[in-house]
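Number of protein chains: 2
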Amino acid sequence: MGAPRFDGPGFRTLNGLLPRRALLRGGLLLASAPAALAQGPGEAGEDLPPWMRSPGAGFSVYGQPGPQAQRVLRRPGANRAAPGNGVAWTPLEQLEGFLTPSGLHFERHHNGVPAIDPAVHTLRIDGAVRRPLDWRLADLLRYPQRSHLGFIECGGNSNAGWNEEPIQRPVGSFHGLISTSEWTGVPLRLLLDEAGVDAQATPWVIAEGADAFAMQASLPLAKLRADGLLALWQNGEPIRPEQGYPMRLILPGWEGVTQVKWLRRLTLSAEPLMARNETSKYTELQPDGRARQFTWAIGVKSLLTTPSHGQRLDARGTYQLSGLAWSGAGRIRKVEVSADGGRRWAEAALDGPVLPRCTTRFRAAWRWDGQPAVLQSRATDETGAVQPSRAALLAARGRNGYFHYHAIVSWGVDEEGAVRHVYV
Amino acid sequence: MGAPRFDGPGFRTLNGLLPRRALLRGGLLLASAPAALAQGPGEAGEDLPPWMRSPGAGFSVYGQPGPQAQRVLRRPGANRAAPGNGVAWTPLEQLEGFLTPSGLHFERHHNGVPAIDPAVHTLRIDGAVRRPLDWRLADLLRYPQRSHLGFIECGGNSNAGWNEEPIQRPVGSFHGLISTSEWTGVPLRLLLDEAGVDAQATPWVIAEGADAFAMQASLPLAKLRADGLLALWQNGEPIRPEQGYPMRLILPGWEGVTQVKWLRRLTLSAEPLMARNETSKYTELQPDGRARQFTWAIGVKSLLTTPSHGQRLDARGTYQLSGLAWSGAGRIRKVEVSADGGRRWAEAALDGPVLPRCTTRFRAAWRWDGQPAVLQSRATDETGAVQPSRAALLAARGRNGYFHYHAIVSWGVDEEGAVRHVYV
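The listed protein sequences derive, respectively, from chains F and R. Going by the UniProt record's numbering, 131 is the number at position 131 of the first sequence; the sequence numbering is gapless. Going by the UniProt record's numbering, 64 is the number at position 64 of the second sequence; the sequence numbering is gapless.
Honestly, the hints are just simulated from the structure, not real lab data. The structure presented is a predicted model; accordingly, all values stated were derived computationally and were not measured. Just so you know, nobody snuck in bad clues.
Note that identical chains are pooled: a pair holds if it fits in a single copy or bridges any two copies.
Below are the SDA-like pairs computed for lysine to any residue, each with C-alpha atoms no more than 25 Å apart in a straight line:
(1) K281 to G58
(2) K334 to R142
(3) K334 to G352
(4) K223 to A349
(5) K223 to Q293
(6) K281 to S54
(7) K281 to P55
(8) K223 to E382
(9) K223 to L30
(10) K281 to R397
(11) K223 to G352
(12) K334 to P353
(13) K281 to R53
(14) K281 to A57
(15) K334 to A392
(16) K281 to G77
(17) K334 to P356
(18) K334 to V354
(19) K334 to Q320
Can you make the complete structure from the sequences, with help from the hints?
Written out as structure tokens, the structure is:
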């Protein structure tokens, strides 16, 4: 069948990592010769598959994924004592590209998904405002709209990275609390200005959701006015119930807990609320025992989704490395990959569009020689921030952490081609 | 409640169209004062809605839109004599942003949706090649991947525009055979090169689908090699059955009939096939009775989705015009809007990202004074091509047309605020 072209002369290799121009320069020749050839459908010599022999299924009003056996699913992990408190993970290792289908967008709820009547629900802006105001969904449709195509990541995503031993789970069940959508809605600045706010006297906004937990978050007014959205649509259609229908607060690049679903109230305040989910949780316990509060912007981060934990390389040869990179500070500038646990790095190709505060798919080619290897990726964002090694993150943050883990992720490949999560 | 801020001094208006900087400068004050104020959930004076009084629904493995009454749906229109032959329209007037959820991506089938076993299905490249080859889905996963975020539009979309009288239908049931997704898969160039093609001797590729119609299209090899993809994923997950699972040909910017679903074969040929769907259909019958064949690239086009046919303006005041623009030749450079049937134009704001061969959402503010108006949009792409008026399109193409209609769309607003499709 001939050797894969990537193995040909003229390509310098770096511990098996192939130069970027090699990525799309040649194929792999993993095809086989047909058993029989025919000129067209139904002609002699061709055995048509059964699905070409009779008409297929009809049209549908709302499309669904294929049969169960082919379906890619979220993985719920709820608290048994409180079934509406938990998460459902996005199966990152089964996805490609940079978008997440709405049906696979991760879930994080504190007391389940409320069934809201959009004719009754209102958004109220109150507290220290010139005039408190209520808006219904129908009112909001008359306002200017704007879109943000970007990620939402839970501040607790990847928290198993703090464990003493590397957790042995698929990447989606370890890092899958990140998803990417187009969110469209009303710039919050317009609504805040109508209510009349005093940014000097009341720099805080307490956001509250209409779920049974009455989820609350204390947020700086400046962020809401800068790029906050009252989102009404996700990926073009009305937001799904589990993502905040009929309206959700979107704060580009900030951790998920701030992007309050089922938003019902924004209360202007001189002080933060010190609510449960901004004190006992989503904070960073430092080595000295004090907690750092209000770490809102997501740090620069990346990980390989293919190959990743639980997958197996079935033979020596060329493999495509594929992963996601993102930063709450802006665009991804570059992603580097390593096959030797971070000693040597090669630059990956970024698959466009590269958008601010959005996931970016990166790719690189790697030739596995059958020896043990450790695959890693390291992202740099447009501010120059570089994703830290796990050792550097632990040195800076200590051993009490639980939230905001964004260190380099390592996948070990053994001589059998098995891939598992390792620390290096 | 105070007047809408857009009406204040300092804004020059152009037949009610407000300057672009006005778009996000002020609000509309469509809110109302709350009936009662309370400090927090459950405190005296606040009547909590029922969905905050008990835990909500649990987690799900695959998310769905909300209850039926809130759901936005495709509108199938199949041939009664051949139920698998027809279309399902994307309800554009109910969507915002520029993406289409996979469940609402338009459908166009010739003999229904085949139920394909991905373990059996192969893509074959044959005909005038050095060596015919077959690839299974599992083989293809090892190849380099690439994404294209862009639109697919049926060459028959908007064909009611050729009618003598303006059709009275919602915009989605008139122009809704366009949808936008991220498609990810293998660059076709890699597979064609492995089979070994001679671009001089055999400049044509006959693509064939694995549906019961065995849908065929004759395509230039140069386009497949330039940017053709063998797509395996749509919006991150495996392609939906009705969109071509397990693999679909993607040709950025070209009409939908060329982007063969359920792709099973690419046959290299010296000549086009002259198949039914490239001779009797998807061609342009000229004024002199001859047909123009192979008009693949989608022309520059735009339309307003809000307001649009069937909607009603309920009072004088400021409205947000919102629509979509696209071109098969590249990026949208600008979109202009008119409120007087095309005599005067003002530039709309483009809501990013503005990507090549992708839909772009545009927006403008307009103050309705209660008088009759005719709302239009006109797109210009990066090649300088300008969307034609209906009169110009008819003058150039005659009265025999059925495909590739891309003229300016006009929505008439009467004194009652009713919006309907008109010709001007």
